[in-house]
Structures are given as C-alpha cells and as structure tokens.
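S.K.: In case you want the letters, here they are:
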Amino acid sequence: MITHELIERIEGEAVLDFQTDKSGRVQEAAIRFLHFRGIEAILEGRNALDSLVIAPRVCGICGHSHLIAAVRMLESLYENAGYPVTLTPKAHALREITLSCELIQNHIKWLYLVMLHESGKLLGEEPPVALKALYVTSQVNQLCALFSGQWPHSSYALPGGVTCDPTHIEVMQALKILSEVERFIEDEVLGCGTELFESHMKNDTLGTLKGDFGTLLRNFERLELLDSGKSHGRFLVLGNERIAMAFDVRSNAQPDLVSEDASQTFENGGKTYAKNALYNGEFYEGGPLARALVQERAGISDLYRIHGDSAVTRLCARVEEMVLLCAQVRQLLTSLDLSQRSFIPPASIETISGSGIGIVEAPRGSLIHKARIEKGRIMEYSIITPTQWNLGNGPSDNPGTAQKAMIGVESIAKASLIFRTFDVCSVCTTH
Amino acid sequence: MSDKVEAVKKLFTSKSSRVETNKGDTYYQELFAKCEARLNEMRSNTPANKLDFTELLEENGIDRREFMKWASATTAMLMLPPMFTPLVADAAVMMNRAPVIWLELQDCAGNSEALLRADGPKIDEIVLDIISLEFHETLQAASGFQAEKQLEEAMEHFKGKYLLFVEGSIPMGMDGQYGTIGAAGETFHDHLVRCAENAAAVVAVGACATFGGIPAAAPNPTGAVGVMDVVKNKPLINIPACPANPANMVGVILHYVLTGQVPELDSLLRPKFAFGYRIHDNCERRAHFDAGEYVEEWGDVGAQNNFCLYKMGCKGPMTFNNCSIVRYNEAVNWPIGVGRGCIGCSEPDFWDKYAYERPMADAKIKAPTGGVEKTVDEFGLGMLTAAGIGIAIHAAASTVAGKRENSGENHE
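Heads up: the sequence lines are chains A and B, in that order.
Position 84, counted from 1, in the first sequence is what the UniProt record's numbering calls 84; the numbers after and before it change by one each time, with no gaps.
Position 90, counted from 1, in the second sequence is what the UniProt record's numbering calls 90; the numbers after and before it change by one each time, with no gaps.
Honestly, I wouldn't trust all of these hints.
What the hints assert, rightly or not - Label-pair restraints from in silico Cβ distances:
1. B:Q177 with A:K375: 35 to 43 Å
2. A:E350 with B:H157: 41 to 49 Å
3. B:D190 with A:Q19: 25 to 33 Å
4. A:K132 with B:E153: 49 to 57 Å
5. B:Q177 with A:K132: 38 to 46 Å
6. B:E297 with A:A41: 26 to 34 Å
7. A:K132 with B:V19: 37 to 45 Å
8. B:H157 with A:K375: 53 to 61 Å
9. B:K161 with A:I344: 55 to 63 Å
10. A:R250 with B:R286: 26 to 34 Å
11. B:Q177 with A:T167: 49 to 57 Å
Read the hints as simulated data drawn from the structure, not as lab findings.
Even for Gly, the Cβ is constructed at its ideal location relative to N, Cα and C.
Next up, chain A with everything else stripped away, as it sits in the complex (with noise of 0.2 Å):
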C-alpha cells in the first residue's frame, strides 16, 4: 500500500511516500521537496560581496551558518588568489560564539516544538506549552545578536573579520545570557547536573533522567522505537575537522569527494527540487551525531557502542552537543581578547578572481558553499546544505539516510517520527 504523509512544523513542507506490507510496517519511503526559489541562479553575476546579504536568506532558520559558510568561501577565495586573509584570534572567537548560539537555540527548539510535541502526539497526550523553550531560545538569539546585530538574518561577518567592536558591557551581558541558558539545560532539559548527565552516557541509565529529555527519551521507550532507526552507520563532517567515518573506521575527509546527484529531481523526470549529496557516491549522515562520533566524545561513543546509531544514540547526540556548546561559548566569551582589532582588510574584491570554498557545521550537518569569482563578480555559486545528506532520497536499492532509518519501522506515524529525529529542515534543502 503507498501512503502519502505530509511533514511539516518549523522547517517548512516534506512529503514522504510510504510503501507498506499488509501489518503497515514500512518497506520503503521516498522523500519529496516541493519548493524552489533559485538562489544559487539570483547570486551569479552579482559582485561577491552580495552573498554576504543573499547568503543568510537561503535560510531563516540556520541563516547564521550560511553566512559564515559564504564569508569562509570568500577567505579561501582570497587564499587561493594568493592573497591570504588573517583573522585575529578576536575575530574568529566572535564568529564561533554567534554561530554557538545558532546551533544552541535550534537544537532546543527541535527538542520541545518538534520531538517532545510530536512523540507526545503520537501517545495521544496533550502536547507540552513549550514557552518556556521559546523563552530561553530568545535568550539565546539575544545573546548571539550582542555581536552580530540581529537574528535571524545578520550580515556582520566580512572577509577579514567582523564589523562588530564589542566591549566588556557586551560580554558581561553576553555571560549573563549564557548563565541563564546553562541553568535552563541543567534545569529544565537534563534535571541533573552536566557532570550527572556524562555518567548518564556512560552507564546507558538516560531514562532515568528527571528533565524534559528523560521525558522524550521515555516517550520513545513507549514507543519502542529507542533502538529503532538504524542508517547506513556512515558519518561525515566537513566542518572544521575533515573526517568521515564508514563502518566504525575513521579517515581524512577531502571536499572533492562530495558530489550532488540530481537524478531524483523534476529536471530528471523525479518528484523533488532536492538534489542528493553524496560523499564518495555514497550518503552519509552529517548532524549532531556524525560530529560527536568523528571527534570520538566519550558519552555518545559510548552510546554508539550498545545502540549503534539507533534513536535513542541520535536524540542523545544532539542534547549533548547543546551542553558542550554552552562550555565552549563561555570559554570563548571569558578568554576575549577586546583589545584585538576586529577587522584587518583584505585587498579590494575586484582584483580576486579564482574559486573558494567555505564549509560550516551547521546545526544539522556540513553546509557547504563553493564558488567561482571573477574580478569580484560570482560566474558560478553553488550551495550543498546539511539536509541534502541526511534526506537525500535514494532508489529503493541504495535508499539515503533518513530513508534506511524508516525501513522496517512499524508504522507510518513512527517512521514519520524517525524522520523527525534527523531534524528536518525543508527550508534550505531546496534554496
């Protein structure tokens, strides 16, 4: 039987096909995306600097990464143009901060407006308010707009560093924020201590967690879907380390081995605007999860071991990446350097002409943007975001990651469930 099932809810519109065996359990799911606006084709010919304003508007809800993936892509341009750009430590710790906070506020909105929500829904409970979560992700983007202005959609990262000139007010304030969210994750998200919840990771005892996260964790026991929504166990980040991990063995990541396939897509006679992306012609899976197990962090390693990369591995990874964010914001807040410049220029984009690319671990996985420039004007842009790994939809042979996930699942409203613990995100898939 083929069903088909519509996803929605923060990221904008997927549909999903299931086919079914007569039990409904789930043989096999294609994934389509159903909206385009051409942004790649609206950024060639534009002088190069306009990406930094067309960039962020790929996406209102990673904007951030897109605009530090579009400003690293100009800095390798210049690199590879034989003119290197240098970024102060001041700089470049700005930037981490304010792409931290991206990355923070997503992860908590994914877990209280999609996941408790949703598993909740599906047990036929009234769905939890979650205004307190939009209260502490406002935290956060204020936190995160101190720096850069405004959130969604700033444009203060430039090839050479940032406009912003903060001073101590801002940093203290910035600390304050941070005080607060970190007591919102302990309080609120885990119910224990950060320490409590490692050994948590640890001794596989996360359903006794008292927090919002015990709650979804226990909701997916109910479920019996904990161990479910095993992929391809092909991980890859190609953010700030390269390295891409296929069955348990690690190596060097290299950039050109990605590639997009586009057979899936309405030019080709397919039902979707999405393009797959491929690493070494295969899918990988990027996120929350791919980071933790390449930079081999104990807890979720740990996890991996007994669970492999099932539900309860994935939801884990991403509530463990949100605290070890906070640490690394407020060790970079306290270790600012204020009296750094922030800006150093670079030579005048009309003179560079060669091609750059700029890559961003953004909250759902490598987000990649590679151009080609000449005297300061894009001939080529092209633009690979975190969702077309994870949701990249395959044949029924060589199904993508969140594809494999759903196979085998019981139902249609759990492998929909599934596919939400990948984190969805329409909006930029289709750019």
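Add chain B to chain A, keeping to what the hints say.
M.R.: For chain B alone, kept in the frame of chain A given last:
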C-alpha cells in the same frame, strides 16, 4: 513614460504619504469613542480560546505596572496619544478575539522565527497564546492532513473575521509549480487566493510577501511576486523587512483589535506607525553623519568609534522603518549597532538596488533633488525606478480601490 513618472510623483507627494503624529483633539476624541465602542463589541464576542491574559501575566510574574508600561510604549509605537493607553491594554487582553491564520509560501521561515522571538513583557505569551493563531502550519499542533482540515475549519468558522498573515513570495513561473502545498499539490498562488477570499484583511509579512524578496531578485528564476500582485479587492497591509520586526506584526493585530480597521498606510501599503520615518532619522550614529564623521573602510578608526556608515553603503537615509527605535531580539541590538550599514530591506527591490556595501551613488538610487536630507515624500520618488514602481502603483491602486468597494468592517 511621462505619464508613469507623473503617476509616481503624485503617489509619493500625495497627502497619504505624510506622517501626521498629531491630528488634533477632535480627531483623537472621535477615534477614542470609536475604539471604546469597538472594544465593547469585542468584549461581547466569544473568545476563540479560553486563555485568560491577566492570569497568564500573573503566572509569569508580570505585575500590572510592568504591563501598563508595555501598553504605554505600544501606544506610542502606534502613534496614538497617551490617553489611548488603557484602551491598548484592554485590546491586548482581548487579542484572543482576533483570529489569525498564517500561511508560509516561498519563504525561508525567517519571519516565523522572528515572531517566535517577539519581545515585550514575555510577549511570546501574548503572541502565541493570547492571539488566536488559528492556523500556522509550522507552529501549530496539527500537521499534515490534520493541518489541512484545521485550516478549512478555521476559515469556515471565522469567515470574514480572520486576519490572514502571509510569509513568503508567490512563484508565478511554470504555472506556479515552483511551490505547491498539501497532498493535492495546490499551487501557492491558488492556496493564497483561496485563503484570502474570506479574510477580513491580508497582512503580508517580510520582504518576500510584500515585494517578492530575494526569490524575486534578478533573474527571478521562479517568477516570484508579492502578495499585492495576487490578492485583489481586499484590505492589504504590507509589513516589509527581512525579517519583519515582530513588534510591527503585533502592532498591526493590536490596531485591528482596537479599531476594527487596518492602520493608516503609506503609498506602499505599509503602516505609517512603523514605516512613517527613516532609519536615518533616529539612528544612533546620526550625530556623526551631521558632524561629517564617517567610516571610510571596514575596521578603521571611524569603525572603532562608531562613526556614520553612510560611505560604507548604509541605506538608512532612504529606508523607511522603525528598527532604529524598536531594534531586534528584545531590543538588544540592530545591524547598525554592530557596525554594519542598513541594507534597506524594507524597501522594494532592496536585493537588486541596495545590496551590501555598494554606496548609494553606485546603487542606481538617486534622490531627485540631490542630497540625503530630503523629506519623506521626495525620497520615495527617487528610491524606485519605473520598473519596480509600476507593479507597486498598480497593486496599491487596485488594493485601495478594492478597499473602497469592499465596505466590510475595515473601511476607513
């Protein structure tokens, strides 16, 4: 062509383009009486949800004083005299009597995201709970087919009464196939027309919904247009900017609850309370502009001292919006606060004419009579080339005409 220029001139120098912050006692007394009557009428309506605003405030530890402070600030934002403060407070309490349906079309979800971060005394609560958000595809509980059903029910139940908020542009190319919604594959165009049919008013939110936004930037691959090019014969309010400021979205709803009317609009159908003056007029760096102190290069001494960004391509002098006052993210900051110029995102065609650090002289934007210190009316003229404005005039004119014909509860 000369006809067109004349039409543009007329449009932008007409009385409707001016902001009058003081319209005289008689006007405000009449309006006050009208609002009181409207609120009494609203009070007798059954609220769309059972939530009690006062209780919610108490639960969240917000006292009456704090709330009244918010009400007084909001009254000022709506360009009403202080005597309206108690009415604005009453209207806020009754926001659950104004049903809102929110559509997302060809968008990036940025305006929904901005709305989620609405400010005020935990206005999150006001927006998400008190406002009767009857349908918002991405925020509501239901999804998929359930959501489609909910939309139908909301449209039927609140027929002629709901405000339709639209986020995102409408792709007209390829028969609308660049954007479809739901299992039946309805195009964004058809979806919008259908949902707008029984709306009390349509509110286009963000640069995409108002003027086409980034998707409509050259070469406009999908043939994207704004709501005013599609929806006719309906009161229409544009709240441009990328993203639109949530304060302005809340302001429009509040104004509607308070008066039963759409707020006073400029020639581009933007509420004057928000778009009646320029970024430049209230900019924190304005004193440096007047003193001739400019940032000449990113990161220079001028940049470190927060000098004016005009020479770095700041479009504040020709952009109408209240960001310099309202700011973003609970007022902690705004782009100019971090040393970035304004990109003019609340103006039509900003993506092609205003983008990034291109100084205004190079951006095909010229004030007709030279200089940046011109009045609102004169500026409007220079800002837009004939191609861009053609659409806007047409849409503005047809919508205004539609508003007259449609003598529902929203006439002025």
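S.K.: Measuring from beta carbon to beta carbon, are B:Q177 and A:K375 in 35 to 43 Å?
M.R.: Check passed, 37 Å falls within 35 to 43 Å.
S.K.: Given a hinted range of 49 to 57 Å, is it respected by the beta-carbon distance of B:Q177 and A:T167?
M.R.: holds, 52 Å
S.K.: Given a hinted range of 26 to 34 Å, is it respected by the beta-carbon distance of B:E297 and A:A41?
M.R.: holds, 32 Å
S.K.: Could you tell me whether the CB distance from B:K161 to A:I344 stays inside 55 to 63 Å?
M.R.: holds, 57 Å
S.K.: Looking only at beta-carbon atoms, does the pair B:Q177, A:K132 fall within the given range of 38 to 46 Å?
M.R.: At 41 Å between Cβs, range holds.
S.K.: Within 25 to 33 Å: is that where the Cβ-Cβ distance between B:D190 and A:Q19 falls?
M.R.: At roughly 29 Å between Cβ atoms, A:Q19 and B:D190 fall inside 25 to 33 Å, so the hint holds.
S.K.: Tell me if the beta carbons of A:R250 and B:R286 are separated by a distance inside 26 to 34 Å.
M.R.: violated, 56 Å
S.K.: Assuming the hint says 37 to 45 Å, is it satisfied by the Cβ distance from A:K132 to B:V19 or not?
M.R.: holds, 39 Å
S.K.: Taking the CB of A:E350 and the CB of B:H157, does the distance hold inside 41 to 49 Å?
M.R.: violated, 58 Å
S.K.: Is 49 to 57 Å respected by the C-beta to C-beta distance linking A:K132 and B:E153?
M.R.: violated, 29 Å
S.K.: At the C-beta level, are B:H157 and A:K375 separated by a distance inside 53 to 61 Å?
M.R.: holds, 59 Å
The earlier numbered hints that this structure contradicts are 2, 4 and 10.
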